[in-house]
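> So the sequences go chain by chain: A and Z.
Residue numbers for the first sequence follow numbering that gives the first Met the number 0, so the first one is 0 and each next one is one higher.
Residue numbers for the second sequence follow numbering that gives the first Met the number 0, so the first one is 0 and each next one is one higher.
Where hints are given, some of them may not hold.
[What the hints assert, rightly or not] Subject to a maximum C-alpha distance of 25 angstroms in a straight line, what follows is the list of computed DSS-like cross-link-like pairs (lysine-lysine):
1. A:K78 to Z:K126
2. A:K405 to A:K421
3. A:K309 to A:K323
4. A:K323 to A:K405
5. Z:K281 to Z:K11
6. A:K82 to Z:K126
7. Z:K14 to Z:K49
8. Z:K126 to A:K421
9. Z:K49 to Z:K60
What the hints contain is simulated information worked out from the structure, not anything from laboratory work.
Please read these numbers as outputs of a predicted model, since none were measured by experiment.
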Amino acid sequence: MRFEYAPAPESRSVVRLRDSYGLFIGGSFVSGSSVFKTISPATEEVLAEITHGGAEDVDRAVAAARHAYERTWSVMPGKERGKYLFRIARLLAERAREFAVLETMDNGKPIRESRDVDVPLASAHFFYHAGWADKLGYAGFGPSPKPLGVAGQVIPWNFPLLMLAWKIAPALACGNTVVLKPAETTPLTAMLFAEVCQQADLPPGVVNIVTGDGDTGRLLVGHPGIDKIAFTGSTAAGKEIARQCAVSGQRLTLELGGKAANIVFDDAPVDQAVEGIINGIFFNQGHVCCAGSRLLVQESVADSVLDALKRRMASLRLGDPMDKNTDIGAINSRGQLDKITSASQAGEEEGARRWSAPCALPERGFWFPPTLFTDVASSSPVAREEIFGPVLTVSTFRTPSEALQKANATQYGLSAGVWTSKGSLALEMASRLRAGVVWANTFNRFDPASPFGGYKESGFGREGGRHGLEAYLDVVATDVAGTVADV
Amino acid sequence: MAAEAGRIAVRKTYKLYIGGAFPRSESGRTFEVRDHEGGFLSNAARASRKDARDAVVAARKAFGGWSERTAYNRGQVLYRVAEVMEGRRDQFASEVRLATGLSDAEALDEVDAAVDRWVWYAGWADKISQVRGGVNPVAGPFVNFSVPEPSGVAAVLAPQDSALLGLVSVVAPAIVAGGTCVVVASAAYPLPAITLAEVLATSDLPGGVVNMLTGQVAEIAPWLASHMDVNTVDVTGAPGGLADDLAVAAAGSNLKRVLRLPPAAWTAEPGVDRMFGYLETKTVWHPIGL
């Protein structure tokens, strides 16, 4: 049965786009030397002109952050720092619809996701960390942990505002100042966030945002004035930064790629598991580092799970991300579409059998249909390499130990999923999976109170929760004889 | 409460706050509230045994819903209390100044500290579990973890010597983790307490989570301390001899948790003792295995 839906587009009128955006340095928008354009991946229309941050711009931003760190932010009582973060949380919530629409325009993700996931979680992340600002002595890192200094933060394009929140909120709560570089293809919500910083009367220089491409990112993480680097992105880029920090002595946390196994046992409720598989790999077009991109199904239920999965995939609605009924939006860029396309072709050439949901793709913009591969050899690149798109590989297993062996046979270790109605089995699997987050009978859940991050080549350090504070605190040189201090 | 020239002021009736409503005392009694120089301020409701019992019923009724809210949501509500209170900064300062004789600046400082205290506790709501709970490394194939849960309904005897900051400092920790409470306000300073109740009533805090009684602690508290549906008693506002009696009654009736914390300056950062005093610890075992 097929339901027809009338178009239900969200209005763009809530967003006031400027023609061009400067860099946000020292509390105001400043121009730079060159510019580039950011487009809507769903329509390829140019949305705005963005400033490309060069070496001088990065210098200015780091200097502004240093100044604000020394004069203002690191010496401000925690409870007052916290109030600024509470303000930012509230402002994000007040302007939530504007942020959601802008995020969907610039990123291509469905408005349902930006509205219900990205923006509320970003606001919650600031709210949560606001409360930590004057309670750091209770966080378990010694009685009076100190900030690190200026943090250089580089974030990806898959959750532009949410990743900004994951980076900026804990850094500021712990007393650091930041220079953040948004992704080249998704700078707009970061620039709107800069406006929020102004509305919150955040002291100038505490947050600086320098837009640009990978070169700008390299300038930032290579800058000698940066005390701490936080990077979310590809494993290749992460390794490059790790090599640099190995000699520079800068503190580093990395949140990199993944190739998560989603393991379905024969006693799992099939419909619930299928929804979890769909959410695991097709949420945000599969542009999720912790996506459940490898489905492992117990052999005895493989056929029925696969049938149900294909049925569900065929009902996914791909198209205009601004439509409230859309499930699958646009691929973020032509470059990413090319990567997904070539990875899928390689999979077919290796002998894997491809099945894509029968859906019409819009003529303009970047699109890829929800796709799965069966008959996948464990050695096939499509089963080993992160595709970062709506592509799922399916293989089978007979015993829990075989499932574990397959699940752990990857250089990544960001997340994993387990579906079973037996609690002891779920926990057994959780204890043996080499991954930083394990979801049992759910997938892709995020919460500011829950630490997130990877094992192995998925990176190190955690974001969120009490554990996430460690990344922004000097936990080595604390005064253990001291008392709980108001940092 | 001077009349403005040419206009007669509309004075407020100060009543109790029970189950989200503002009733008079069922006893019909009031008592005179005077400013620090002895001048008449208002009549306040003098709560009775029946009012106290009604308040416990309201607190118990509110417990289920409030304790089942997410910690994040409770934090937001407490922060909302701070926001709404900040908007009434001048009103609170005026009431505190009249009641205590503090200077304008001192009264404002007390109000600001009280607002900040709500913010402090708001931040705790979704952090208590990670600080006070955890996974226990038992020697066997089990996941074993402990989480804090609220004890239930508390009777909170607010400090007699503080018009606002002390009151907020004993109420916020009683509710931040999901508990509900019946508060007996300072007998000398009941008016800021009722104004605080007006703030609570308009801050998305569900009715019944905080119930505010004004009157004589010696008259009301024994009924609360021996009430079989009260789980915790904070005896801060009871004079020494009465506190002993209340502690005995509380412990002997249904093994209430009794909070008798050493006196502290309300202006100092509170620490976690009082907040943790309203918590139970629940430990969950679950086997691991194929």
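> Next, verify each hint and record whether it holds.
Structure-based check of all given hints:
{"no.": "1", "hint": "A:K78 to Z:K126", "in the structure": "holds, 16 angstroms"}
{"no.": "2", "hint": "A:K405 to A:K421", "in the structure": "holds, 20 angstroms"}
{"no.": "3", "hint": "A:K309 to A:K323", "in the structure": "holds, 23 angstroms"}
{"no.": "4", "hint": "A:K323 to A:K405", "in the structure": "violated, 38 angstroms"}
{"no.": "5", "hint": "Z:K281 to Z:K11", "in the structure": "violated, 45 angstroms"}
{"no.": "6", "hint": "A:K82 to Z:K126", "in the structure": "holds, 17 angstroms"}
{"no.": "7", "hint": "Z:K14 to Z:K49", "in the structure": "holds, 15 angstroms"}
{"no.": "8", "hint": "Z:K126 to A:K421", "in the structure": "violated, 30 angstroms"}
{"no.": "9", "hint": "Z:K49 to Z:K60", "in the structure": "holds, 17 angstroms"}
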